[in-house]
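Work the whole structure out from these sequences, hints included.
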Amino acid sequence: MIEARGLTKRYGDTLAVDDLTFAVQPGRVTGFLGPNGAGKSTTMRIVLGLDHPTAGEVLIAGKHYRELERPLHTVGALLDAKWVHPNRSARSHLRWMARANKLPYKRVDEVLELVGLASVAGKRAGGFSLGMAQRLGIAGALLGDPEVLLFDEPVNGLDPEGILWIRQFMQRLASEGRTVFVSSHLLSEMALTATDLLVIGRGRLISQTSTQDFVEQASEATVRVRSRELDKLGALMTERGWATRPDGADVLVVSGKTTDEVGELAGEAQIVLHELATQRGSLEEAFIQMTGHDVEFRSEIAELVGAPVAQGATP
Amino acid sequence: MTLLAVERIKLVSTRSPWWCAGIALLITLGFTALFVANSDDLAVTVGSTQFAFNLGMIIIMVMAALAITTEYRFSTIKTTFQAAPNRTAVLAAKAAVVALAAGVVGEITAFATYGLARLMKPAADLGLDNPAEWRQVAGIGLIYFFAAILALGVGILVRQSAAAISILLVYTLLVENLIVLIPTVGEQIQKWMPFTAANHFATAGIPAPVEGQGPPLLDLPYGPWGGLAYFAAISVAILVAGIVVTNRRDA
Chain U
1 MIEARGLTKR YGDTLAVDDL TFAVQPGRVT GFLGPNGAGK STTMRIVLGL DHPTAGEVLI
61 AGKHYRELER PLHTVGALLD AKWVHPNRSA RSHLRWMARA NKLPYKRVDE VLELVGLASV
121 AGKRAGGFSL GMAQRLGIAG ALLGDPEVLL FDEPVNGLDP EGILWIRQFM QRLASEGRTV
181 FVSSHLLSEM ALTATDLLVI GRGRLISQTS TQDFVEQASE ATVRVRSREL DKLGALMTER
241 GWATRPDGAD VLVVSGKTTD EVGELAGEAQ IVLHELATQR GSLEEAFIQM TGHDVEFRSE
301 IAELVGAPVA QGATP
Chain V
1 MTLLAVERIK LVSTRSPWWC AGIALLITLG FTALFVANSD DLAVTVGSTQ FAFNLGMIII
61 MVMAALAITT EYRFSTIKTT FQAAPNRTAV LAAKAAVVAL AAGVVGEITA FATYGLARLM
121 KPAADLGLDN PAEWRQVAGI GLIYFFAAIL ALGVGILVRQ SAAAISILLV YTLLVENLIV
181 LIPTVGEQIQ KWMPFTAANH FATAGIPAPV EGQGPPLLDL PYGPWGGLAY FAAISVAILV
241 AGIVVTNRRD A
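From first to last, the protein sequence lines stand for chains U and V.
Heads up: the first sequence begins at 1 in my numbering, then just goes up one per residue.
Heads up: the second sequence begins at 1 in my numbering, then just goes up one per residue.
Hints in this document: simulated from the structure, not taken from any laboratory.
Predicted model only: the values in this text are computed from it and were never measured.
You may find that some hints are simply not true.
Here are some, though not all, of the chain V residues that point toward chain U, as calculated from beta-carbon distances under 10 Å [as the list claims (entries may be wrong)]:
1) T2
2) I9
3) R118
Chain V is faced by these chain U residues, among others (derived, beta-carbon under 8 Å) [said to hold, decoys possible]:
4) G49
5) H52
6) K63
7) L72
8) A77
9) V84
10) R88
11) W96
12) M97
13) K102
14) Y105
Covered stretches of chain V (in silico footprint by chain U; criterion: 3 or more residues with CB under 8 Å from a CB of chain U, positions within the stretch not fixed) [said to hold, decoys possible]:
15) 11-18
16) 84-96
17) 100-106
The beta-carbon is built from N, C-alpha and C at its ideal position, and this holds for glycine as well.
Here it is in structure tokens:
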């Protein structure tokens, strides 16, 4: 269980993390989704007590990271596979970590076995491929058999085999009842790995929902309608509580309704339609809309999470 | 205790500390051999067998600075603080381990150069007959010990290998010697420079080989042990500054 309250991190003039409040539940994989530079890594570093938040706090299993007696027993993390001294062997790297948390050296060999690095344990970590380095990082995260696990972009740069391995590994860890918090900038990857999603853009929380809901809403079919009498039609729809959103001067996008319903409504009111069509956005499009544009994303989110747009939205 | 073991593993599981220790030993032995071979028996005293200790000390300071700057370079400092969030304890343990290693290297080089001189000049008066002569040889380890703490402190503050090493080299090799060029106050300032104090601890009581020759001795307001205490205080102060800063900033 990870709980963040009002988390804020400011670097000079830029606000990297802006008043984030969220909770990550045990027993499932929670995806931490946002474009590059959205503040994911900063948030994870704050969770681990590496960076000091400007405001707010994070609790892991009810405690601040710095209060954890032997932190690797509670939290395991892989933020960057390159955080290893290149001239130190994989075994030595894990040994000092184990020693710092009073773990037996036997455990080092166990985790090396677990991630499939037992045969190269004595080799310099600097000579490892990215996939091997990633496995070494995961071995480090698993050392203390922790209940909370954090992974920052774990599949970045991996080959398909490595991606599949990590994906299954994270799901297995979650099925053992652990809290698994994994960041990514790839929605399609998260759709396959995570049960829950925490979406951020420019340091702000955009949504916290289950992946299934998010994907359904993100790729929800909408109806595009074009007419000269859009004001009249829009007013009728608003009366009925339909969610609408203008798209240019004479186009209205209606969500949650079919073309049949829109067509019949227009027919009853004797409004001439120039265009009536169903449209379905891709996951990536929805994601970019949600996270990419500071000005636009508010209305997009409202639509995507199913909330009706404010009345004055029609042109 | 746990953190001491952690830092010991880190120090000995990479090659550069071993290289630094080996080079420090070889370079001091080499220059001592050159000096002894070119001197007559009378000129070789207990104190003069240690004349090259500065060279080894500088290399050991590089080792100490690298012990922390490589952690920043490879970001293992983040892994370290993740495994042990008490940064003060981590850095104190690192200082203890690095300084102890430096002290051991210092003693080994000191007695190795002394032993070499005895082998090369059996006729010279090289008995360790009084406390001053013991201090001149065995004291080298203490200087290495505190010099390592100072270098580690500088490394913690600047975090970059090149910057830390440049600062240490330029300071020890140039600044302390050139400060005397400042008119009127230069000489006063030099008396309170840390390595001048350390040098006083190592060399006080060494008679000039030939009367009236050699560098002029500074008239220092402290004795040899006072010099060491002063040097130690400065070193520890720099380390403490480094620890305070590390606790405040992001890893």
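Hints, verified against the model:
Look at V:T2: its Cβ gets to within about 6 Å of chain U, closer than 10 Å, so that hint holds up. With a cut of 10 Å, the hint placing V:I9 at the interface with chain U holds, because the nearest CB-to-CB distance is about 4 Å. Checking V:R118 against chain U: minimum C-beta separation of about 38 Å lies over 10 Å; hint violated. Satisfaction of the interface hint for U:G49 is found here, the shortest Cβ-Cβ separation to chain V being roughly 5 Å, below the 8 Å cut-off.
Interface hint at U:H52: satisfied, since its Cβ lies 6 Å from the closest Cβ of chain V, which is below the 8 Å cut-off. Residue-level restraint check for U:K63 is violated (minimum Cβ-Cβ distance to chain V is 11 Å; threshold 8 Å). A distance limit of 8 Å between C-beta atoms decides the matter here; for U:L72 the minimum to chain V is near 6 Å, and the interface restraint holds. For U:A77, the interface hint holds, the least distance from its beta-carbon to any beta-carbon of chain V being 6 Å, beneath 8 Å.
Contact between U:V84 and chain V, as hinted, is supported at the beta carbon level, the nearest pair being about 7 Å apart and thus within 8 Å. For U:R88, the shortest C-beta to C-beta distance to chain V is roughly 5 Å, which falls under 8 Å, so the interface hint holds. Checking U:W96 against chain V: minimum C-beta separation of about 4 Å stays under 8 Å; hint holds. Restraint check, U:M97 versus chain V: the minimum CB separation of about 5 Å is within 8 Å; hint holds.
Hint status for U:K102: holds, given a least beta-carbon distance of 6 Å to chain V, under 8 Å. Using the Cβ-Cβ criterion of 8 Å, the hint placing U:Y105 at the interface with chain V is not satisfied: the shortest such distance is roughly 10 Å. For the stretch 11-18 of chain V, the stated coverage by chain U holds: 4 residues have a C-beta nearer than 8 Å to a C-beta of that chain, and at least 3 were required. Under the rule that three or more residues need a Cβ within less than 8 Å of chain U, the assignment of the stretch 84-96 of chain V holds, with 3 such residues.
Check on the stretch 100-106 of chain V: 0 of its residues sit with their Cβ under 8 Å from a Cβ of chain U, so the three-residue criterion for coverage is violated.
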